[in-house]
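Asks: What follows is each chain in one-letter form.
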Amino acid sequence: MSKALDLITRVRGVRGAMLVSAEDGLVVAEQLMEGIKGSAVAALAASLAGRLRRAMEAAGTGSSVFWHLQAEQGAILVVPGDASGGILVVAVAEPDVNIGLVRLELLRAAEAVL
Amino acid sequence: MADDVRALSAQLAQDPQSLVFLRLGEALRRKGQLEAALRVAMNGLERHPHLADAHDLYARILADKHDYERAFDEWDMAVRIAPHHTGALKGLAFLYFKVGDLAQAEAHLEQARKVEPDDPSIDQAIAMMHKGVGPPSPTPSPATEPSATAASPTAAVSSGALDESRVFAGLEGANEGLLLIDGAGRVLGGALKDKSGTDVTDAVAAYLAGVSQEAARTVKLLGLGAWMGLSAEGQNGNVHLGHPTPDALLLVVRERGMPLGRLAILAQRATLMARHWLEKQ
Numbered sequence: 001m002s003k004a005l006d007l008i009t010r011v012r013g014v015r016g017a018m019l020v021s022a023e024d025g026l027v028v029a030e031q032l033m034e035g036i037k038g039s040a041v042a043a044l045a046a047s048l049a050g051r052l053r054r055a056m057e058a059a060g061t062g063s064s065v066f067w068h069l070q071a072e073q074g075a076i077l078v079v080p081g082d083a084s085g086g087i088l089v090v091a092v093a094e095p096d097v098n099i100g101l102v103r104l105e106l107l108r109a110a111e112a113v114l
Numbered sequence: 001m002a003d004d005v006r007a008l009s010a011q012l013a014q015d016p017q018s019l020v021f022l023r024l025g026e027a028l029r030r031k032g033q034l035e036a037a038l039r040v041a042m043n044g045l046e047r048h049p050h051l052a053d054a055h056d057l058y059a060r061i062l063a064d065k066h067d068y069e070r071a072f073d074e075w076d077m078a079v080r081i082a083p084h085h086t087g088a089l090k091g092l093a094f095l096y097f098k099v100g101d102l103a104q105a106e107a108h109l110e111q112a113r114k115v116e117p118d119d120p121s122i123d124q125a126i127a128m129m130h131k132g133v134g135p136p137s138p139t140p141s142p143a144t145e146p147s148a149t150a151a152s153p154t155a156a157v158s159s160g161a162l163d164e165s166r167v168f169a170g171l172e173g174a175n176e177g178l179l180l181i182d183g184a185g186r187v188l189g190g191a192l193k194d195k196s197g198t199d200v201t202d203a204v205a206a207y208l209a210g211v212s213q214e215a216a217r218t219v220k221l222l223g224l225g226a227w228m229g230l231s232a233e234g235q236n237g238n239v240h241l242g243h244p245t246p247d248a249l250l251l252v253v254r255e256r257g258m259p260l261g262r263l264a265i266l267a268q269r270a271t272l273m274a275r276h277w278l279e280k281q
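Chains as they are written, first to last, in this note's numbering: chain W, 1 to 114; chain L, 1 to 281.
It cannot be assumed that every hint is accurate.
Claimed, not checked - Derived CB-CB ranges, DEER-like: (1) 10(W) x 280(L): 45 to 53 Å; (2) 272(L) x 21(W): 38 to 46 Å; (3) 103(L) x 111(W): 30 to 38 Å; (4) 100(L) x 114(W): 29 to 37 Å; (5) 21(W) x 280(L): 42 to 50 Å; (6) 226(L) x 100(W): 17 to 25 Å; (7) 29(W) x 35(L): 42 to 50 Å; (8) 35(W) x 4(L): 49 to 57 Å; (9) 176(L) x 40(W): 31 to 39 Å.
To be verified - Stretch by stretch, here's where chain L covers chain W in the computed footprint (C-beta under 8 Å, at least three residues): (10) 5–17; (11) 48–62.
Note that these hints are calculated values from the structure, not bench results.
Here the structure is a predicted model, which is why all the values come from computation and not from measurement.
Every residue, glycine too, gets a C-beta built ideally from N, C-alpha and C.
From just these sequences and the hints, can you work out the full model?
Replies: Printed below as a string of structure tokens:
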């Protein structure tokens with residue numbers, strides 16, 4: 001588990017990676033830089049994932065396989081583990097991170113862990 | 001009724017920890033005093049966060065205020081705490097019906113029927129749903145209260161005062177997969193259809209308002225500044241959500257074949273157009 005997260009955090013600009021239970025928003029595993037509130041990231045990412053899933057299903061696009069929230073001072077990138085979203089693989093990153101690379105590592109981690 | 005409210009308020013003042021807030025909140029809701037009911041329910045929830053009835057009360061008030069996204073969350077929470085809470089199950093069925101998910105609506109009503117097989121209102125709701133009428137609101141109507149939203153400028157906007165067909169004129173795929181809504185989930189322009197051609201505009205708009213609120217809360221609590229956009233790859237399509245103005249949201253939906261990067265560029269153009277269009281109004 002920690003090896004999978006390790007590969008994500010090696011990407012330049014990634015400040016932390018986590019496995020999060022989608023249902024209750026609790027941290028399953030984490031590898032975070034100092035100053036990142038893991039439990040807050042987990043709870044918020046799970047909540048947002050749930051809302052996004054409902055919106056996407058209503059729109060007919062099916063549930064998400066990857067999503068990316070871009071903010072002024074950072075980004076959150078998430079790969080839901082399966083269609084029902086049991087486990088989320090989450091990365092917290094700098095705003096200018098290479099999104100494509102993080103996406104690849106998140107998908108790899110999801111494959112390895114789930 | 002006013003006496004009820006007075007008496008219940010006095011009881012609650014005497015013993016703030018008591019569950020009398022449930023009756024007081026419901027009494028206020030039925031009188032149509034939704035803001036007061038909301039305050040009572042929120043105070044009660046702060047003291048009793050694991051009480052399913054408190055979440056149910058809060059959800060009823062939110063549903064009366066047409067805040068369906070948050071009402072959904074509260075009823076969902078009530079069912080997580082007490083899986084056999086029929087009030088919450090009926091509430092969820094009502095909301096699922098509203099967004100066109102008949103299977104889920106019926107499943108929740110069936111679940112409620114298993115808990116309370118003698119409740120005629122559940123049979124009635126299932127029968128009405130089969131006729132396509134929809135289950136009655138689980139919240140008996142409150143007295144009419146002047147609604148803040150009804151008089152809001154955005155309500156006037158969504159009523160057709162703007163020429164919404166021109167929002168995205170000239171943009172690639174202008175008439176498909178673009179949806180502009182206000183912060184409360186009301187459609188300002190554009191439309192969405194699913195693969196079968198069913199119009200899903202209203203359902204998606206209602207959900208999007210919640211996504212946006214949650215995105216804003218997430219970045220705020222994590223100290224990431226303002227959120228600028230949310231991109232997602234779905235199993236059958238990709239989406240990008242942005243906000244052309246602080247009060248508006250723009251959703252762009254495209255087939256899975258369009259890469260997220262290109263979608264982001266298209267969304268940027270659409271955002272600019274939507275912003276100009278909104279500023280002109």
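Asks: Can you give the numbers of the hints that this structure goes against, from lowest to highest?
Replies: Violated hint (a single one): 10; every other hint is consistent with the structure.
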